[in-house]
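Number of protein chains: 2
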Amino acid sequence: MYRAQEDHRSASFPALTRSVLDRLPAIVGSTTATPFVFASSGSAMWETALINSVQPGGLLLAPRYGQFSHLFITTAEKLGYRVQVLDVPWGEGAPADAIEAALRGDHAHEIQGVLLVHNETATGVTTDVGAVRAAIDRASHPALLFVDGVSSIASLDFQMDAWGVDCAITGSQKGFMMPAGLGILYCSGRVMAGLDGITMPRAYFDLRPMRDTNAQGYYPATPPTTLLWALDEALTMLHEEGMSRVVARHHRLAEGVRRAVHAWGLRLCAAHPSLYSDTVSAVLVPDGADARTVIDIAARQWNLALGSGLAQLAGKVFRIGHMGDVNELMLAGALSGVELSLLDAGIDVPVGAGVAAATTYWRETAVRT
Amino acid sequence: MYRAQEDHRSASFPALTRSVLDRLPAIVGSTTATPFVFASSGSAMWETALINSVQPGGLLLAPRYGQFSHLFITTAEKLGYRVQVLDVPWGEGAPADAIEAALRGDHAHEIQGVLLVHNETATGVTTDVGAVRAAIDRASHPALLFVDGVSSIASLDFQMDAWGVDCAITGSQKGFMMPAGLGILYCSGRVMAGLDGITMPRAYFDLRPMRDTNAQGYYPATPPTTLLWALDEALTMLHEEGMSRVVARHHRLAEGVRRAVHAWGLRLCAAHPSLYSDTVSAVLVPDGADARTVIDIAARQWNLALGSGLAQLAGKVFRIGHMGDVNELMLAGALSGVELSLLDAGIDVPVGAGVAAATTYWRETAVRT
Numbered sequence: 002m003y004r005a006q007e008d009h010r011s012a013s014f015p016a017l018t019r020s021v022l023d024r025l026p027a028i029v030g031s032t033t034a035t036p037f038v039f040a041s042s043g044s045a046m047w048e049t050a051l052i053n054s055v056q057p058g059g060l061l062l063a064p065r066y067g068q069f070s071h072l073f074i075t076t077a078e079k080l081g082y083r084v085q086v087l088d089v090p091w092g093e094g095a096p097a098d099a100i101e102a103a104l105r106g107d108h109a110h111e112i113q114g115v116l117l118v119h120n121e122t123a124t125g126v127t128t129d130v131g132a133v134r135a136a137i138d139r140a141s142h143p144a145l146l147f148v149d150g151v152s153s154i155a156s157l158d159f160q161m162d163a164w165g166v167d168c169a170i171t172g173s174q175k176g177f178m179m180p181a182g183l184g185i186l187y188c189s190g191r192v193m194a195g196l197d198g199i200t201m202p203r204a205y206f207d208l209r210p211m212r213d214t215n216a217q218g219y220y221p222a223t224p225p226t227t228l229l230w231a232l233d234e235a236l237t238m239l240h241e242e243g244m245s246r247v248v249a250r251h252h253r254l255a256e257g258v259r260r261a262v263h264a265w266g267l268r269l270c271a272a273h274p275s276l277y278s279d280t281v282s283a284v285l286v287p288d289g290a291d292a293r294t295v296i297d298i299a300a301r302q303w304n305l306a307l308g309s310g311l312a313q314l315a316g317k318v319f320r321i322g323h324m325g326d327v328n329e330l331m332l333a334g335a336l337s338g339v340e341l342s343l344l345d346a347g348i349d350v351p352v353g354a355g356v357a358a359a360t361t362y363w364r365e366t367a368v369r370t
Numbered sequence: 002m003y004r005a006q007e008d009h010r011s012a013s014f015p016a017l018t019r020s021v022l023d024r025l026p027a028i029v030g031s032t033t034a035t036p037f038v039f040a041s042s043g044s045a046m047w048e049t050a051l052i053n054s055v056q057p058g059g060l061l062l063a064p065r066y067g068q069f070s071h072l073f074i075t076t077a078e079k080l081g082y083r084v085q086v087l088d089v090p091w092g093e094g095a096p097a098d099a100i101e102a103a104l105r106g107d108h109a110h111e112i113q114g115v116l117l118v119h120n121e122t123a124t125g126v127t128t129d130v131g132a133v134r135a136a137i138d139r140a141s142h143p144a145l146l147f148v149d150g151v152s153s154i155a156s157l158d159f160q161m162d163a164w165g166v167d168c169a170i171t172g173s174q175k176g177f178m179m180p181a182g183l184g185i186l187y188c189s190g191r192v193m194a195g196l197d198g199i200t201m202p203r204a205y206f207d208l209r210p211m212r213d214t215n216a217q218g219y220y221p222a223t224p225p226t227t228l229l230w231a232l233d234e235a236l237t238m239l240h241e242e243g244m245s246r247v248v249a250r251h252h253r254l255a256e257g258v259r260r261a262v263h264a265w266g267l268r269l270c271a272a273h274p275s276l277y278s279d280t281v282s283a284v285l286v287p288d289g290a291d292a293r294t295v296i297d298i299a300a301r302q303w304n305l306a307l308g309s310g311l312a313q314l315a316g317k318v319f320r321i322g323h324m325g326d327v328n329e330l331m332l333a334g335a336l337s338g339v340e341l342s343l344l345d346a347g348i349d350v351p352v353g354a355g356v357a358a359a360t361t362y363w364r365e366t367a368v369r370t
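As they're listed, the protein sequences go chains A and B.
Per the working numbering, numbering through the first sequence is continuous, rising by one, with the last residue being 370.
Per the working numbering, numbering through the second sequence is continuous, rising by one, with the last residue being 370.
Calculated directly from the structure, the hints in this document are not laboratory data.
Please note that a few of the clues may not be correct.
As the list claims (entries may be wrong) - Listed below are several chain A residues computed to face chain B (Cβ distance under 8 Å; list not exhaustive):
1) Gly43
2) Ser44
3) Asp207
Claimed, not checked - Label pairs and their computed distance ranges (CB to CB):
4) A/Leu196 x B/Thr33: 36 to 46 Å
5) A/Pro15 x B/Asp345: 20 to 30 Å
6) B/Thr33 x A/His263: 50 to 60 Å
7) A/Gly131 x B/Gln160: 55 to 65 Å
We put the CB at the ideal spot given by N, CA and C, even for glycine.
Only chain A is shown next, with the shape it has when bound in the complex (with noise of 0.2 Å):
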C-alpha cells in the first residue's frame, strides 16, 4: 500500500483492475463468478447482493444462529424485503433439514433467497455449505443462495462453483490479510443474468455501472487505490501459497488451538466438532465467571485482543481468532496470553497445559524443512 498515489483513469491502472479481478474467482473455488469490490465494509455487501438481485418486498429464507446471522437478517429488513427466520440455538449450524422443509412447504415459490453465514464469526461454527445446497436441490426450489463468507474465505475451504452458491460475500481484513476498507462480492452467472430487470432503487452498490466500467478497467466512482494494491498483493500470496495449503493452514493451526483450550478444561461454543471455525475458537467460560473479566485483563496486562461475546453471548465466551497471517508461534504467544488472563480472572487452568497441548500437536504434525 506504500506507495505514491496514482490516476485511476489513466490508461495504467486497468492492469491493476485485471489483475485483482481475474484473480479473486479461484479463492472461492470458482471458475464462473463475476468479482466486485468496493470501498465499504464486508457487511455492506450483504446489502449489495440483496439490492442487485431480489426485487423489492421479495421474501428471503434465513437460520438464525449467531450475531452475524442475525445482522444479515435485520439488513435484509432494513432494506424493505421479509423474512422467514428459522431460529436455532446459538452454537449449531444452518439446519438443512429445516430448510429443506420450509421450501417444501413453499409451493408458490415466493422465497427469493436464501441467507447464510457460512463462519459464524460469533459462534466459531462453520456451516455445511454444501449440505444447504443439497436441500435446495432437493426441495426443487429456485431459491437463490446467498452466503456471507466474512470470515470463511480466503482461509476455509469455499467452493462456490460446486455449492451452487450465487452470492458470496467477504471483506479485506480477514481471510485477505488487509486493513479493513474493502467490500468484495462474487455474484454468479444467473445473478448477472438478472441485473437489469431488478428495480430496487440503487446507487452507489449498483452493480451494473460497476460491471460495465470494470469490464474497460476502471471504476465508476474514485477506487481505494492503496487497498487495491495490497488486494492485489494479497492474492498473489495466497496464490503463492495455494488455497488447498492455506486451508490445511488454518485447519492445523485451529486443531492446535481446540487442543489447548480442551487442556484446560474449558469447552467450545460450538455444539458439535462437526461444525468447529478453523478460523475462530469460541471459548465458554465456567458458570459463575465472566468472559468480559478475562477479556478486558488480556488487554490491558497482556496486550492480547481477544474477541467477546456477542449479544445472548456476552460474558459467556471469549473468542480466539487463528485466520490469515497467522503461524504457530504467533498463537503459542495468544495461548499463553489467554491463560494468563484467564488464571489473573481467578478461574483455574493448569498452567502451561494449554500451550503444551497446542505445541505438541504442531511439532508432531509438522512438516519438516
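Please arrange chain B on chain A, whose structure you already have, making use of the hints.
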C-alpha cells in the same frame, strides 16, 4: 497509515474516533454540524445525504452546470427522487436568481432540497453558495441545502454554518490529502433532528446506527482503521496550518496557474473571473485542437497526470489540479509539463512564458522567511 492493525472494539479506539470527529467541523466553518465518516467513495455521500433526509419520491431542485452536478442529479433519480433540473451553460455557476424564482413558484413547498456542487471539478468553477442561501431565504422556502464539496472542502473557504448548509459532502482524496477510500458527510442540526422520521429503506448508509455507535466512540461495522489514522493526521496538518492560511495558499497558487494560462494565450472554461476555482483550472484548447492529445502526451512523455474534459467538454479542455498538498515548485513542474505537452501537440505557445508568469507572481507574493 503505516501502523499495525488493531481491535476496533478496544477500550482505546474511541480516542481515535473522537479525535477525528471532534476536529472535522472546524474544517467547514461549523460549530454545530455532526460529521460522519464512511468507507466509501466521496460520491457515495450524495446518496447518504439524500436517503437520510428526504422522504421517498421527494422533489429536489438542482442546477446542472457540469459533470458532477449532473451525476448528483442522476444519483438522486436512481434513488427514486424527482429532480427539477435548471440547465445552465457549463462554465457558469449555480444560478441564484433562477433558484429563487423556482422556489417562489413552489407555493406548496413541495421541493424538499436544493442540490449544489460548490466546486465543479469538470469546469473549474466555484459557485457562490452564500448567494444561493440568500436566494432560498428571500423565497422564504424551507428546502434543505445539499452541497457537494468534494473538490472544495479543506482547500477552499467553506462556511457551513454561515451559509446554512444542511449536508456538506466530501471524500478523503482531495483537500484532506489522503488516499481515496473515505466518504465524509456533515449534517446540520435540522437533518439530525429529522433522521428518525425518514422512511427511506437504508442499511450501510443509515446514519442512525452510525450516530448511536459514534457517540460511544465506535462504528457499527468494521471501520477502515488505517484511513482513519490518515484522516487524523490530515486534520492535525490542516489545523497546524490553519484553514484561513490553507485557503489563502490555494488562492495564491491558483492565481499563478491562471497567469500561466493567460501567458500561453489560452482561456479558462470558467465564464467569469469571479467563478475561477482555486483547486482546479479547466483550460480550453484552441479551436481545431484536441485536448485529449495534450493529456495523452503529458501522461506518456512527461509523466504528468492532467484531468480530461468530461462529457460535453471531452476534447475541449484539459484540467490542472492544484489542491491539497501542493506548493509553488510542484506546480512550476506541472506548468512546464503542460507547456511541453502543448508544444508537442502542435499548439503554439511562447516557450517558458507560462512558468515565468506564474513564478513572477509567486515571487512577488511570497511570504519571506
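Hints versus structure:
{"no.": "1", "hint": "Gly43", "verdict": "holds, 7 Å"}
{"no.": "2", "hint": "Ser44", "verdict": "holds, 5 Å"}
{"no.": "3", "hint": "Asp207", "verdict": "holds, 7 Å"}
{"no.": "4", "hint": "A/Leu196 x B/Thr33: 36 to 46 Å", "verdict": "holds, 42 Å"}
{"no.": "5", "hint": "A/Pro15 x B/Asp345: 20 to 30 Å", "verdict": "holds, 24 Å"}
{"no.": "6", "hint": "B/Thr33 x A/His263: 50 to 60 Å", "verdict": "holds, 56 Å"}
{"no.": "7", "hint": "A/Gly131 x B/Gln160: 55 to 65 Å", "verdict": "holds, 59 Å"}
Hint check: no violations occur; every hint is consistent with the structure.
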